[in-house]
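K.L.:
Spelled out from the first residue to the last, the chains are:
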Amino acid sequence: MASIQLEGLTKRYGRVTAVEKIDLTIGDGEFVVLVGPSGCGKSTTLRMIAGLEDISAGVLRIGGEVVNQREPKQRNIAMVFQNYAIYPHMTVGQNIGFGLYTSGLPRAEKEARIREAARTLRLEELLDRRPAALSGGQRQRVAIGRAMVRDPAAFLFDEPLSNLDAQLRSAMRIEIKRLHQRLGTTTVYVTHDQIEAMTMADRIVVMRDGRILQVGTPIELYENPVDVFTARFIGSPAMNLVPAEARDGALSVGGSLLPGQGAPSTSQDGVLVGIRPHDLVIGQGNGEGGLALSGTVTAAEPLGSETLVHVDLGGTEVVATAPGRVVPAVDSTVTAQAAPGSLYLFDAKTERALGRL
Amino acid sequence: MTAVAAPSTELAANRKNIRPGRVVAWTLLFIGGLVMITPLLYMFSTSLKSAGQVYDLRLFPADPTLDNYLRVLSDGRFLRWFLNSLIVATAVTVSNVFFDSLVGYTLAKFTFRGRYFIFLAILSTLMIPTEMLVIPWYLMSSQLGWLDTYWGIMFPGMMTAFGTFLMKQFFETVPDDFIEAARVDGLNEFTIWWKIAMPMVTPALSALAIFTFLGNWTAFFWPLIVVTSREMYTLPVGLSSFAVEQSIQWEMIMTGAALATIPTLLVFLVLQRYIVRGVMLAGLKG
Chain A
8 MASIQLEGLT
18 KRYGRVTAVE
28 KIDLTIGDGE
38 FVVLVGPSGC
48 GKSTTLRMIA
58 GLEDISAGVL
68 RIGGEVVNQR
78 EPKQRNIAMV
88 FQNYAIYPHM
98 TVGQNIGFGL
108 YTSGLPRAEK
118 EARIREAART
128 LRLEELLDRR
138 PAALSGGQRQ
148 RVAIGRAMVR
158 DPAAFLFDEP
168 LSNLDAQLRS
178 AMRIEIKRLH
188 QRLGTTTVYV
198 THDQIEAMTM
208 ADRIVVMRDG
218 RILQVGTPIE
228 LYENPVDVFT
238 ARFIGSPAMN
248 LVPAEARDGA
258 LSVGGSLLPG
268 QGAPSTSQDG
278 VLVGIRPHDL
288 VIGQGNGEGG
298 LALSGTVTAA
308 EPLGSETLVH
318 VDLGGTEVVA
328 TAPGRVVPAV
338 DSTVTAQAAP
348 GSLYLFDAKT
358 ERALGRL
Chain B
126 MTAVAAPSTE
136 LAANRKNIRP
146 GRVVAWTLLF
156 IGGLVMITPL
166 LYMFSTSLKS
176 AGQVYDLRLF
186 PADPTLDNYL
196 RVLSDGRFLR
206 WFLNSLIVAT
216 AVTVSNVFFD
226 SLVGYTLAKF
236 TFRGRYFIFL
246 AILSTLMIPT
256 EMLVIPWYLM
266 SSQLGWLDTY
276 WGIMFPGMMT
286 AFGTFLMKQF
296 FETVPDDFIE
306 AARVDGLNEF
316 TIWWKIAMPM
326 VTPALSALAI
336 FTFLGNWTAF
346 FWPLIVVTSR
356 EMYTLPVGLS
366 SFAVEQSIQW
376 EMIMTGAALA
386 TIPTLLVFLV
396 LQRYIVRGVM
406 LAGLKG
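Those protein sequences? They're chains A and B, same order as listed. In terms of our numbering, the first sequence has 140 at position 133, counting the first letter as 1, and numbering is strictly consecutive. In terms of our numbering, the second sequence has 147 at position 22, counting the first letter as 1, and numbering is strictly consecutive.
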């Protein structure tokens, strides 16, 4: 196990800067998820940590030692790839054992490690099979097994669940998380799926355009996003954003005055109000001081436990929630209410967070 | 009732499926097959005829005999030529499979300055006809003392532009993740090529091995020029000598040729399943 420090880490491809001066410290045994949209630089960052990409500028330390110039094999890290990258011409046992190819361990020790990894990942019955005869989830477990046997300083996962169906992805999420809890190995995990990030991470690193926007625990990011991008990226369905109007020194949304006195006075003519769909509830009173928005239903998505209701507020569409059995009719008028304390304010120009109401 | 009715329905459906286009295609394929196999059959047929029967063009000899085979096999020269061809074709095939794939892999998977230029330079050699190269090759062999040696026969074909091109194209289809995973696992670049990349392009290697072996087994022009002593003849050169020196002994030529096809058939039979498997895998991918 080891800590990983990124100091001003930069990656340039010619004139294009893919990752720009990022600073991040990943603690020993921590599970950190790099999340962001395609092209945000998260995979490039992971590949720089792995040694698969040269570092254009900055310093990378693993276990306190600068490893910028070290080959991947000298960094003692293990990586699991999006496409599994398990070798089709080898059996499951050979694939898992391949991680020990250069270890110099005695054969008996190698065998013991392979069996142990197979037992942990429930692959014992499949050791003699070839990858072609395995399901997607089993293949991914083999890839994890190959990484595990090496007992590396850190695990790097590059979107490992992207190729799995939703059900399997959910099962593998739990499996990887349990594995981390058991092994306690430092883990850096890249995904574009915010649910994976929220459910697995000790800390999430939100990236965009090659920069880090915010680092924090899942709840910190959910509760206190620093800007509109993070606010909309974390949480599903995405946060609603409604422009606020300045009226008599106060802010109003869709004709309703914003609750409380905390509305920032300096940028009243450029404020976006963020409301998470789960905080905007149809058919329930939210007590005194809440925000009530009325509009026309444009679509309803019943999910069983709740219904997602798309409401047109006269030009701006928001997603609200209704209790499971309530499915408002399209074109009907509904009122959705948000409780005090559930509103997020953002500067419309800079998109930075201004606080909560 | 249903069980009885089902086959006839199936037959009717099958009959419906026989479209005119298919009939034409099968007919053309049948004719093509016939054209290909007839010389082969005549070769075997002639090898079973005595000298007097050679010009009797019946496919099945009136009085078949194995005397020609006994004569050819008891003639030490034939076995020597056979061995020469086997040594040359095997060595050149192994060399091509090794070097063409090594260079192809390098061009496909490494980014370095001049990579494209090198690839173009290699490809451009395909445009130079062999006839133009024979004189420089001969001069080179002469200066290096390779005339009338195995090296002399083999060196022009030890690595080919076609093989390099073929292997480069195949290595490009190997996902980089496999190679990077092996790098992270601590393998050096040569071991990655040998242990990871090579097994993934077995169909291409098989194809290359078959082409190279056949090409060298049947090579005539260059061995004829570079070899002077009868002991160093390759099989095609040796067989042609039956025609030159002792008038034309068709039955002997055909017997030698029939024996000469055995290794090529073996190579194809052993390696073709890899090609077929490769085609099947490519179909299932993704």
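In case anyone wonders, no lab produced these hints; they're calculated from the structure. Here the structure is a predicted model, which means the values were calculated and not measured. For glycine and all other residues, C-beta sits at the position ideal for the given N, C-alpha and C. Some clues are possibly wrong.
The list that follows gives simulated cross-link-like pairs (lysine-lysine, DSSO-like), each with its CA atoms no further than 27 Å apart [claimed, not checked]: (1) B:K234 to B:K320; (2) A:K80 to B:K234; (3) A:K117 to A:K28; (4) A:K356 to A:K28; (5) A:K356 to B:K234; (6) A:K80 to A:K184; (7) B:K320 to A:K117; (8) A:K117 to A:K80; (9) A:K80 to A:K28.
Computed from the model, here is a short list of chain A residues facing chain B with C-beta under 7 Å [said to hold, decoys possible]: (10) A57; (11) N90; (12) H96; (13) G106.
K.L.:
Look at each hint and say if it fits the structure.
P.N.:
Each hint tested on the structure:
Proposed proximity of K234 (chain B) and K320 (chain B) is supported: the alpha carbons are some 15 Å apart, at most 27 Å. Note on K80 (chain A) and K234 (chain B): the hinted pairing holds, with a Cα-Cα distance of about 18 Å set against a maximum of 27 Å. Our distance criterion of 27 Å between C-alpha atoms is broken by K117 (chain A) and K28 (chain A), whose separation comes to about 40 Å. Annotation: proposed proximity of K356 (chain A) to K28 (chain A) holds, straight-line Cα distance about 25 Å (limit 27 Å).
A C-alpha spacing of about 46 Å is found between K356 (chain A) and K234 (chain B), which places the hinted pair above 27 Å, so the restraint is violated. A hinted pair counts as satisfied when its Cα atoms are at most 27 Å apart, and K80 (chain A) with K184 (chain A) qualifies at roughly 25 Å. For the proposed pair K320 (chain B) and K117 (chain A), the alpha carbon gap of about 19 Å is at most 27 Å, so the pair holds. Straight-line distance between C-alpha atoms of K117 (chain A) and K80 (chain A) comes to about 18 Å, which keeps the hinted pair within the 27 Å bound.
Restraint check: the Cα-Cα separation between K80 (chain A) and K28 (chain A) comes to about 25 Å, which is no more than 27 Å; the hinted pair holds. A distance limit of 7 Å between C-beta atoms decides the matter here; for A57 (chain A) the minimum to chain B is near 6 Å, and the interface restraint holds. At a threshold of 7 Å, the smallest CB-CB gap from N90 (chain A) to chain B is about 5 Å, leaving the interface hint in force. The closest approach between the C-beta of H96 (chain A) and any C-beta of chain B is roughly 4 Å, which is under the 7 Å cut-off, so the hint is satisfied.
Annotation: interface hint on G106 (chain A) holds; nearest CB of chain B at approximately 5 Å, less than 7 Å.
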